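Given only the sequences and the hints, what does the whole structure look like? Please build it.
FYI, in mature numbering (1 follows the signal peptide of the UniProt record, and there is no 0) the residues of the sequence shown are -18 to -1, 1 to 108.
I should point out that these hints are in silico values taken from the structure, not numbers from a laboratory. Each hint should be verified, as a subset may be incorrect.
Said to hold, decoys possible - Derived pair list, reagent style DSS-like, types lysine-lysine, alpha-carbon separation capped at 30 Å: (1) K10 to K52; (2) K24 to K52; (3) K69 to K45; (4) K52 to K73; (5) K45 to K73; (6) K60 to K89; (7) K45 to K26; (8) K60 to K10; (9) K26 to K60; (10) K89 to K70; (11) K23 to K52; (12) K70 to K43; (13) K89 to K52; (14) K24 to K10; (15) K24 to K69; (16) K52 to K26; (17) K10 to K89; (18) K70 to K23; (19) K10 to K69; (20) K43 to K23; (21) K23 to K73; (22) K43 to K26; (23) K26 to K10; (24) K24 to K89; (25) K89 to K69; (26) K70 to K24; (27) K23 to K45; (28) K60 to K23; (29) K73 to K60; (30) K73 to K24.
Stated by the list, open to error - Estimated spans, in silico, between C-beta atoms of each pair: (31) Q6 to V67: 15 to 23 Å; (32) S30 to G99: 19 to 27 Å; (33) E91 to E11: 46 to 54 Å.
It should be emphasised that the depicted structure is a prediction, and the values quoted were computed from it without experimental measurement. For each residue, glycine too, the CB sits at the ideal point set by N, CA and C.
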Amino acid sequence: MAKFIFLILCSSLFFIYAESSLSQWNVKEGEEVPIEFEGAKKIKRSVSSGDQIFYFDGPNKGKMVDENGKVVDSSNFKISNGTLVIKKFSKADEGSYSEEPNMIMTKTEHGFSGVPGETLVINIEP
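Following this line, the structure appears as structure tokens:
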């Protein structure tokens, strides 16, 4: 019985901690939306058209690239002080956004441990 209670307690803590790295925003359609992950070099988003990555440096700086390596029309995006800004948020921009890679690694005495980083889910207000 004690093992069962311990298992339930550990599982509960895992779910509580996992939920703390998930945020949700509701925004108005057409609104300018800043998305900031401090120190990020890339931001990954999962939207209805698939996974895409926005680059803050390198040859694709300021561009959104799909999972096939094709540059997506990036005229609706800009960089402002290290922040991705979506100029006019639309239905096509709804989805989840996270720093890429989205894993926080910690070196320990016996190796490494990792937990998922913050994920931001953005939807248009009903």
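Hint check:
1. K10 to K52: holds, 29 Å
2. K24 to K52: The hint holds at about 16 Å.
3. K69 to K45: holds, 14 Å
4. K52 to K73: holds, 21 Å
5. K45 to K73: Status holds; Cα separation ~19 Å.
6. K60 to K89: Violated, because 35 Å separates the two Cα atoms, which is more than 30 Å.
7. K45 to K26: Given pair K45, K26 holds - Cα atoms ~12 Å apart, limit 30 Å.
8. K60 to K10: holds, 19 Å
9. K26 to K60: holds, 15 Å
10. K89 to K70: Answer violated: K89 to K70 is near 40 Å, above 30 Å.
11. K23 to K52: Within the cut-off at roughly 19 Å; holds.
12. K70 to K43: holds, 20 Å
13. K89 to K52: Distance ~35 Å between K89 and K52 Cα, so the pair is violated.
14. K24 to K10: holds, 25 Å
15. K24 to K69: Answer holds: K24 to K69 is near 18 Å, not above 30 Å.
16. K52 to K26: holds, 14 Å
17. K10 to K89: Roughly 41 Å between the alpha carbons, so the hint for K10 and K89 is violated.
18. K70 to K23: holds, 22 Å
19. K10 to K69: This hinted pair holds, its Cα atoms lying about 12 Å apart.
20. K43 to K23: holds, 9 Å
21. K23 to K73: holds, 25 Å
22. K43 to K26: Holds, at about 14 Å.
23. K26 to K10: holds, 21 Å
24. K24 to K89: holds, 23 Å
25. K89 to K69: violated, 38 Å
26. K70 to K24: holds, 20 Å
27. K23 to K45: Given pair K23, K45 holds - Cα atoms ~12 Å apart, limit 30 Å.
28. K60 to K23: holds, 14 Å
29. K73 to K60: holds, 18 Å
30. K73 to K24: holds, 22 Å
31. Q6 to V67: 15 to 23 Å: For V67 against Q6, whose Cβ atoms are near 19 Å apart, the range 15 to 23 Å holds.
32. S30 to G99: 19 to 27 Å: Once the Cβ atoms are compared, 23 Å apart, the range 19 to 27 Å for G99 and S30 holds.
33. E91 to E11: 46 to 54 Å: holds, 50 Å
Consistency note: the structure conflicts with the earlier hints numbered 6, 10, 13, 17 and 25.
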